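**Q** Work out the full structure, taking the sequences as your base and the hints as a guide.
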Amino acid sequence: MYRYDNYDHQMLTDRIAQFRNQTDRFLKGELAAPEFLPLRLQNGLYVQRLAPMLRIAIPYGMLSSRQMRKLAYIADYYDKGYGHFTTRQNIQFNWPALADVPDILAHLAEVEMHAIQTSGNCIRNTTTDQFAGCAVNEIEDSRPYCEIIRQWSTFHPEFAYLPRKFKIAVCGTQDDQAATQVHDIGLFIVRNDVGEIGFRVLVGGGLGRTPVVGKEIRPFLPKQHLLTYLDAILRVYNREGRRDNKYKARIKILVKETGVDEFRAKVEKEWLDLKDGPLTLTNAEFERCKSFFHDPAYKPMSDSNPILDKALSSDVLFASWYYQNVNAHKKPGYAIVTISLKKTGSAPGDVTTDQMNFIADLADHFSFGELRVSHEQNVILADVEKESLYTLWQKLKSQDLNADNLGLLTDIICCPGGDFCSLANAKSIPIAESIQRRFSDPVALRDIGALSLNISGCMNACGHHHVGNIGILGVDKKGAEFYQISLGGSVEDQTSLGQIVGPSFAQEEVPDVIDKIVSVYTTQRRAGERFLDTFNRIGIEPFREKVYAKAD
Amino acid sequence: MPKLIKNRKIIDDQWTLVRDLMEQAEALSSAELNLIVPLPYWLENRDALQQRSGKSAVWLDSHEIPSALGDDWNILELIALNFPVFTDGRAYSSARELRLNLGFKGEIRAIGDVLRDQLFYMSRCGFDAFTMRADQNLESALGAFEDFNDGYQVSADKPLPLFRRRA
Numbered sequence: 001m002y003r004y005d006n007y008d009h010q011m012l013t014d015r016i017a018q019f020r021n022q023t024d025r026f027l028k029g030e031l032a033a034p035e036f037l038p039l040r041l042q043n044g045l046y047v048q049r050l051a052p053m054l055r056i057a058i059p060y061g062m063l064s065s066r067q068m069r070k071l072a073y074i075a076d077y078y079d080k081g082y083g084h085f086t087t088r089q090n091i092q093f094n095w096p097a098l099a100d101v102p103d104i105l106a107h108l109a110e111v112e113m114h115a116i117q118t119s120g121n122c123i124r125n126t127t128t129d130q131f132a133g134c135a136v137n138e139i140e141d142s143r144p145y146c147e148i149i150r151q152w153s154t155f156h157p158e159f160a161y162l163p164r165k166f167k168i169a170v171c172g173t174q175d176d177q178a179a180t181q182v183h184d185i186g187l188f189i190v191r192n193d194v195g196e197i198g199f200r201v202l203v204g205g206g207l208g209r210t211p212v213v214g215k216e217i218r219p220f221l222p223k224q225h226l227l228t229y230l231d232a233i234l235r236v237y238n239r240e241g242r243r244d245n246k247y248k249a250r251i252k253i254l255v256k257e258t259g260v261d262e263f264r265a266k267v268e269k270e271w272l273d274l275k276d277g278p279l280t281l282t283n284a285e286f287e288r289c290k291s292f293f294h295d296p297a298y299k300p301m302s303d304s305n306p307i308l309d310k311a312l313s314s315d316v317l318f319a320s321w322y323y324q325n326v327n328a329h330k331k332p333g334y335a336i337v338t339i340s341l342k343k344t345g346s347a348p349g350d351v352t353t354d355q356m357n358f359i360a361d362l363a364d365h366f367s368f369g370e371l372r373v374s375h376e377q378n379v380i381l382a383d384v385e386k387e388s389l390y391t392l393w394q395k396l397k398s399q400d401l402n403a404d405n406l407g408l409l410t411d412i413i414c415c416p417g418g419d420f421c422s423l424a425n426a427k428s429i430p431i432a433e434s435i436q437r438r439f440s441d442p443v444a445l446r447d448i449g450a451l452s453l454n455i456s457g458c459m460n461a462c463g464h465h466h467v468g469n470i471g472i473l474g475v476d477k478k479g480a481e482f483y484q485i486s487l488g489g490s491v492e493d494q495t496s497l498g499q500i501v502g503p504s505f506a507q508e509e510v511p512d513v514i515d516k517i518v519s520v521y522t523t524q525r526r527a528g529e530r531f532l533d534t535f536n537r538i539g540i541e542p543f544r545e546k547v548y549a550k551a552d
Numbered sequence: 001m002p003k004l005i006k007n008r009k010i011i012d013d014q015w016t017l018v019r020d021l022m023e024q025a026e027a028l029s030s031a032e033l034n035l036i037v038p039l040p041y042w043l044e045n046r047d048a049l050q051q052r053s054g055k056s057a058v059w060l061d062s063h064e065i066p067s068a069l070g071d072d073w074n075i076l077e078l079i080a081l082n083f084p085v086f087t088d089g090r091a092y093s094s095a096r097e098l099r100l101n102l103g104f105k106g107e108i109r110a111i112g113d114v115l116r117d118q119l120f121y122m123s124r125c126g127f128d129a130f131t132m133r134a135d136q137n138l139e140s141a142l143g144a145f146e147d148f149n150d151g152y153q154v155s156a157d158k159p160l161p162l163f164r165r166r167a
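Same order as they appear, the protein sequences are chains A and B. Residue numbers for the first sequence follow the working numbering, so the first one is 1 and each next one is one higher. Residue numbers for the second sequence follow the working numbering, so the first one is 1 and each next one is one higher.
Hints are supplied without guarantee of correctness; some may be wrong.
[As the list claims (entries may be wrong)] Listed below are the simulated EDC-like cross-link pairs for lysine to aspartate or glutamate, each with C-alpha atoms no more than 16 Å apart in a straight line:
(1) 516(A) <-> 545(A)
(2) 246(A) <-> 88(B)
(3) 165(A) <-> 88(B)
Simulated from the structure, these hints should not be mistaken for laboratory data. Just so you know, these numbers come straight off a predicted model, no measurement behind them.
**A** So, in structure tokens, the structure goes:
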């Protein structure tokens with residue numbers, strides 16, 4: 001993991017002192033609320049339905065066991081004993097007191113964490129594939145580049161008052177697990193004909209009110225030019241992005257209204273002034289950042305393991321979890337374990353203080369003291385010896401962390417919704433639970449197979465509903481909460497946006513409607529087809545007919 | 001005389017900002033005053049302005065970019081950049097372009113909705129003078145320049161990004 005040096009520490013210390021001063025002035029009435037607003041947002045602090053909400057950055061999803069324990073402490077001491085992992089690999093606390101926030105930030109700084117730029121119209125936390133550095137099909141580990149971007153974007157003086165928020169994702173694997181194509185800038189690590197590393201640059205992707213898949217503006221950007229090129233894109237956006245209408249202020253609208261070719265020309269023109277300047281990355285900097293992400297001390301091992309094989313053949317529950325929640329690792333004898341935070345009855349992505357401490361212990365015992373958070377709101381132990389998987393699973397089971405539903409219908413991505421968020425039109429957590437209860441039969445759930453179901457409580461789409469195979473969006477209909485359903489969304493290689501089935505449904509209808517949608521798939525699927533494949537083959541009409549059919 | 005912050009000191013403002021051509025017609029016709037005029041006025045009256053005994057400068061609104069000045073930035077000793085509201089961040093890009101891309105050496109002055117909590121980023125972008133909003137306390141605003149000891153990026157005071165300076 002990246003470790004702070006004196007410079008990083010000093011900047012964090014300075015930031016906390018700055019925010020403490022700003023908070024003091026606000027509480028004394030010396031700083032007006034509208035002027036305090038962007039300052040607190042850029043320190044992760046929202047004012048929510050019930051209390052302030054503090055969003056803490058987990059840069060590119062990497063977390064040490066020590067950091068996880070600190071989050072547990074904050075949950076316990078300053079909050080109500082739990083936290084919520086978000087779809088941008090961050091964690092949110094829903095109950096801190098405003099006056100305590102500078103102290104919380106000081107605690108976080110002790111473990112090299114912060115809440116900087118987790119909100120506001122600035123460059124947000126950079127996200128990536130949760131399997132980075134361990135995945136089998138990786139071109140290069142994305143994390144050193146993410147760290148380079150983190151430093152460049154942190155306190156960037158030119159881009160703190162953009163037209164709107166700005167999100168960057170980096171993907172180093174062939175299967176995109178980072179929803180890279182629906183980010184303001186999506187960077188795919190690629191290798192050119194002569195073997196050099198660079199980036200395929202997409203721009204203008206995003207969800208929210210106007211979902212768009214990002215468009216390529218450069219097929220290959222040599223890696224040393226990464227930051228000058230980002231500076232050029234951001235400058236064009238800062239200048240030309242719309243500021244007259246907040247719903248049209250994201251870069252996707254600028255790219256759409258300008259046209260991608262014209263937009264590219266503007267960026268390239270701006271880039272000419274920056275290219276080869278002092279911001280050009282050096283080999284020394286690449287090596288420095290890479291040095292933090294070298295492989296841990298893997299043991300040389302055979303890939304097959306008799307202890308694992310025996311457990312798989314003797315314990316069906318373990319086997320079920322293994323086949324669902326464990327992924328292949330680049331090193332023989334190791335595996336990537338995803339701890340699903342989608343157990344029925346607890347809000348998707350929520351973890352309690354005890355669970356956080358417990359997971360931190362597991363990381364120390366089984367995975368070199370490191371953890372990752374995924375945009376699907378689960379926690380990953382990325383370097384587990386296959387020999388230990390059965391022991392690990394038994395421990396997970398003891399704390400109710402053994403949900404074996406990764407990638408299945410009940411592994412629901414879900415925003416906090418109307419229970420917490422003041423932007424929401426409708427609740428989302430109870431909808432997730434009602435669907436999980438409907439699909440509680442593990443055999444049936446497995447038979448349905450790979451299916452992503454994403455729920456957002458409003459158009460802002462924090463729950464990524466546009467890119468769920470089944471997407472659910474909370475809408476307000478004359479003061480009542482309704483749910484609009486879309487089908488066919490995906491964040492895989494061929495990222496696609498869901499199509500709306502039709503008129504929205506009342507809350508109590510939703511589980512039945514999902515049931516009907518799934519039944520169309522299970523009756524029409526061909527051998528080997530996943531839900532998305534069947535949908536792509538037969539289209540939306542059969543689903544529409546089934547869902548809106550008059551009762552017999 | 002009105003005050004402003006320049007190079008982290010509170011000084012008397014030697015310039016008259018002409019925001020409204022009609023209302024400030026009298027100032028505009030003065031031969032002696034040092035004037036900061038709107039960009040369109042500068043572009044139309046450049047020669048006449050330069051023949052005055054008082055000095056002339058230009059202010060750009062947030063939607064106006066430095067390249068609209070053509071090569072004139074070369075002959076100006078002051079360019080002011082307006083913040084219609086402090087959340088309109090376009091002038092940060094203009095300041096950086098002037099200071100870092102073009103190498104403008106004169107004064108870059110922030111005008112408009114200029115508040116204490118934005119001063120540090122402004123100064124890193126190349127602003128060195130600040131006409132603060134009327135309600136701001138200039139003395140205490142000076143503290144904002146000390147908010148951070150360093151920054152990661154290329155900035156007006158640090159031509160190299162941190163990764164080229166790390167010891």
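**Q** Against this structure, judge whether each hint is valid.
**A** Tested hints:
1. Between residue 516(A) and residue 545(A) the CA atoms are separated by roughly 10 Å; this keeps the pair inside 16 Å, and the hint holds.
2. Taking the CA atoms of residue 246(A) and residue 88(B), the gap is about 12 Å. The hint holds against a cut of 16 Å.
3. Our distance criterion of 16 Å between C-alpha atoms is met by residue 165(A) and residue 88(B), whose separation comes to about 13 Å.
Checked against the numbered hints given earlier, the structure satisfies every one of them.
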